[in-house]
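Visitor: First to last, the sequence lines map onto chains A and B. All the letters of the first sequence, read from the start, carry residue numbers 1 to 234 under our numbering. All the letters of the second sequence, read from the start, carry residue numbers 1001 to 1115 under our numbering.
Bear in mind the hints are in silico, worked out from the structure with no lab data behind them. Any given hint could be a false lead.
[As the list claims (entries may be wrong)] DSSO-like cross-link-like pairs, simulated, lysine-lysine; straight-line CA separation at most 30 Å:
| no. | chain 1 | residue 1 | chain 2 | residue 2 |
| --- | --- | --- | --- | --- |
| 1 | B | K1085 | A | K115 |
| 2 | A | K164 | B | K1085 |
| 3 | A | K164 | A | K113 |
| 4 | A | K109 | B | K1049 |
| 5 | A | K113 | A | K41 |
| 6 | A | K113 | B | K1085 |
This is what each chain is made of:
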Amino acid sequence: MLVSVYRYNPETDDAPYMQDIHIDIPGGKDIMVLDLLQLLKDKDPSLGYRRSCREGVCGSDGMNMNGTNGLACITPLSAVVEKDKLVLRPLPGLPVIRDLVVDMTQFYKQYEKIKPYLINDTPAPAIERLQSPEDRAELDGLYECILCACCSTACPSFWWNPDKFVGPSGLLQAYRFLADSRDTATRERLAELDDPFSVFRCHGIMNCVNVCPKGLNPTKAIGKIRNMLLSQAT
Amino acid sequence: MVTSITSFGRSGLYDWMIQRVTALVLVAYTVFMVCYLAFGDVPTYEQWKGLFEGTAMRIFTLLALLSMAAHAWIGLWSVSTDYIKPTGARFVFQSVCGLLTFIYVVWGIQILWGI
């Protein structure tokens, strides 16, 4: 099969280019894209990409495979290869450090902005703060986010305003803390989000839902934030 | 919190709500006009003039006109902040949009009450 890989080494290349590599898959098996990358790296050790857990938990190997963002380690070739060709590019919209490795600073800045930790101004109890099973269930579909950035880098609103729009990933996390029964900073959190960019730059394109490797739904979470803003407004 | 001084209401929620309310007004006006033109005979000049001389129709049309102005401003402001990154060029674009919107509103009122 033919693999076309985005290559860029700022120390030696003037501009990024696509490198075409023909490769035979041993035994014709349906391997994961990450395994394919290892085969490519055996051929050309200068190829750079991030990987760690190789099982869709760490979120390191988010990349664009034939036009769709996803995690290379849990994406089988059969799911992305078309006409025996695979085009691998770094996540769109973020600066490239090298080859498939992107600079995630902007993405983490947005995550930091939403204060991704419990805030509770009541005195700490002797034991942990308890939660009813129903309250705990509110966090399902939110806490599973692994911050791989597949969603935010698939979002046109995030491409145009990565410094102002929090992005689907950050907003999913924002709602995770807004929905937490143990958090007491709901009002302050909402006040931080009520501007024309942070939440409202979401136009419901839903690329985020389409690409999330964990099957989460940031658009739904954004809708819930909007409803919270509406219901506390007068 | 991102501060913005050129948006319609400065609050994202406010802009979002205005955008939806004005959209409903525009839908109502469009449905009315389409029904009026599609289900009746082709109006004569007198009938057409008569329609717009009524106070209710003037109120409805002015509401639709103002709704379109607010709706267009919020939408174009949003487009300009997405695609026009140099501040000077964006300010010029927004100024032209604002001026045109204002002209259309005044002109529209003049036409509406000039019948």
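Visitor: Taking the hints in turn, state whether each one holds.
Guide: Hints, one by one, checked against the model:
no., hint, verdict
1, B/K1085 <-> A/K115, "holds (28 Å)"
2, A/K164 <-> B/K1085, "holds (13 Å)"
3, A/K164 <-> A/K113, "holds (10 Å)"
4, A/K109 <-> B/K1049, "violated (59 Å)"
5, A/K113 <-> A/K41, "violated (37 Å)"
6, A/K113 <-> B/K1085, "holds (22 Å)"
Of the hints listed earlier, those the structure fails to meet are numbers 4 and 5, in rising order.
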